[in-house]
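Every letter in the sequence shown is one number past the one before it in full-length UniProt numbering, and letter 32, counting from 1, is 32.
No lab work stands behind these hints: they were computed from the structure. Source: prediction; values computed, not measured. Among these hints, one or two may not hold up.
What the hints assert, rightly or not - 25 Å max Cα-Cα, derived DMTMM-like pairs, lysine to aspartate or glutamate:
1. 185 <-> 65
2. 175 <-> 201
3. 155 <-> 80
4. 79 <-> 101
5. 155 <-> 299
6. 79 <-> 201
7. 301 <-> 291
8. 79 <-> 107
9. 79 <-> 99
10. 301 <-> 179
11. 175 <-> 53
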Amino acid sequence: MANFESRLLSLVVPFHNEEAALSAFFARVLPILESIPATQFEIVCVNDGSTDDTLAMLLVHAQGDARIRVIDLTRNFGKEAALTAGIDEASGDAVIPIDADLQDPPELIPTLVQCWRQGAEVVLAQRVSRTTDSFLKRITAAAYYRVHNCLSDLKIPENVGDFRLMDRTVVNALKQLPERHRFMKGLFAWVGYRTVIVPYEREPRSAGHSKFSGWRLWNFALEGITSFSTMPLRSWTYIGVAIALGAFGYGAFIVARTLVLGIDVPGYASLLSVLLFLGGIQLIGLGVVGEYVGRIYDEAKGRPIYLVRRRYQETGQDRSVASGRRVIRIDRGHVSNGR
């Protein structure tokens, strides 16, 4: 276990149109981080293409406080990409991703740090209930975890989000994963390491509203399954075999009935139904294959996961501009302005 004297703790916070919750977030988080003994900290704020005053408010809080760093992305790349950007930029000995909506209580951070100091490399914050979610979201979330853990060899802990503590060793391993389609919960689970779980009660949003619609959650679920399982592809082999055997058996039955009883096949209604059924099955199978082919296509293009417009620290000035130079750096699959 490392020497934890004067260790640096990095809090990674993605922001997308969070102006309503931003001031409350800093007012609640800063005293908690300042109360943790023998620990310095930084807050890495990633502005993920906000269209409101989120960036301006972040710069107000960062001005004169070197502990707050602001990473401004060129557009909205999505939460997973913003989270990746924050983890890439974090320089702490331990990294804690947390949402800005304060549903994950910052008061739990000292407990996460204590578990880390006791030897844990990953400390998961697990929700003991989802009472703050709607009934539909609770049902679909439970179904998703069951389906994902059934289809994939990689098991994702239920009711565990991005809120966790990761040792620098874990972060360095995570940064080696090159895929552009980022399902962070799966990537967090994939790297492994010594893990402990801390239960907590999740709170309602402090302000604003969720940016995840039902459609985005559906696509997010598909992302998780296709990122860590080939079972949807393999299942169509079994479905094809079952349909072929069923068709062969039905054909044999028709032939036998015609030869023995002299009963012809009555009309084309049954034939049309079978053809439509098989056509639908084929289109569904083609869609599954297309989903995986699309992922291969995206990975083959090798585009950056995100682009950084500017980095702000201390005075609210871009550090590259303030130093009189502009550097373009290419680093593990993303392009960003160098420091």
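| message | Need the list of violated hint numbers for this structure, in ascending order. | response | Numbers 1, 2 and 11 - these are the hints that the structure violates, sorted from lowest upward.
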